[in-house]
Amino acid sequence: MDKIQILNELVNTFGISGFEGLIREKIKELFPQVEFKEDEVGNLSTTIGSGGRQIAFVAHMDELGFLINYVEKNGYLSFKEDTPFLSANLITGPPPVQAGL
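In our numbering, the protein residues as written are -1 to 99.
What the hints contain is simulated information worked out from the structure, not anything from laboratory work. All of these numbers come straight from a predicted model, not from anything done at the bench. Take the hints with a grain of salt, since some may be wrong.
Simulated restraints on C-beta separations [unchecked claim]: (1) MET(-1) with GLY47: 18 to 28 Å; (2) LEU8 with LYS35: 12 to 22 Å; (3) VAL95 with GLU36: 19 to 29 Å; (4) GLY73 with GLY50: 52 to 62 Å; (5) MET(-1) with SER76: 18 to 28 Å; (6) ILE66 with ASN41: 19 to 29 Å; (7) SER76 with PHE29: 32 to 42 Å; (8) ALA57 with PRO30: 12 to 22 Å.
Calculated pairs, DSS-like style, for lysine-lysine (alpha carbon to alpha carbon, straight line, at most 25 Å) [what the hints assert, rightly or not]: (9) LYS71 with LYS35; (10) LYS35 with LYS78; (11) LYS35 with LYS24; (12) LYS1 with LYS26.
C-beta atoms are modelled at their ideal positions from N, C-alpha and C, and glycine is treated no differently.
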């Protein structure tokens, strides 16, 4: 799998704050050669190489999202914002929906 395909897999895997299980497992799946350590809250870490200079690379695996409370009879979604400023992003188009979290 090339770098573009890996990036595509990562950005298209759900992982809103508090529900990062799918993206965590996708990272492990895409990098089977890496021995990840998982802490008590689900953060992943690893060490690559040894000796000499050390560099820390830190990145979020979660994304902004909504928690759907109710589906109206007309199909509209009632939701709770996971992040206060997120509703402004709805003007970019309908958000993807992941069922069963």
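State the violated hints by number, sorted upward, taking the hints as numbered earlier in the document. Checked against the structure, the hints that fail are numbers 5, 9, 10, while the rest are satisfied.
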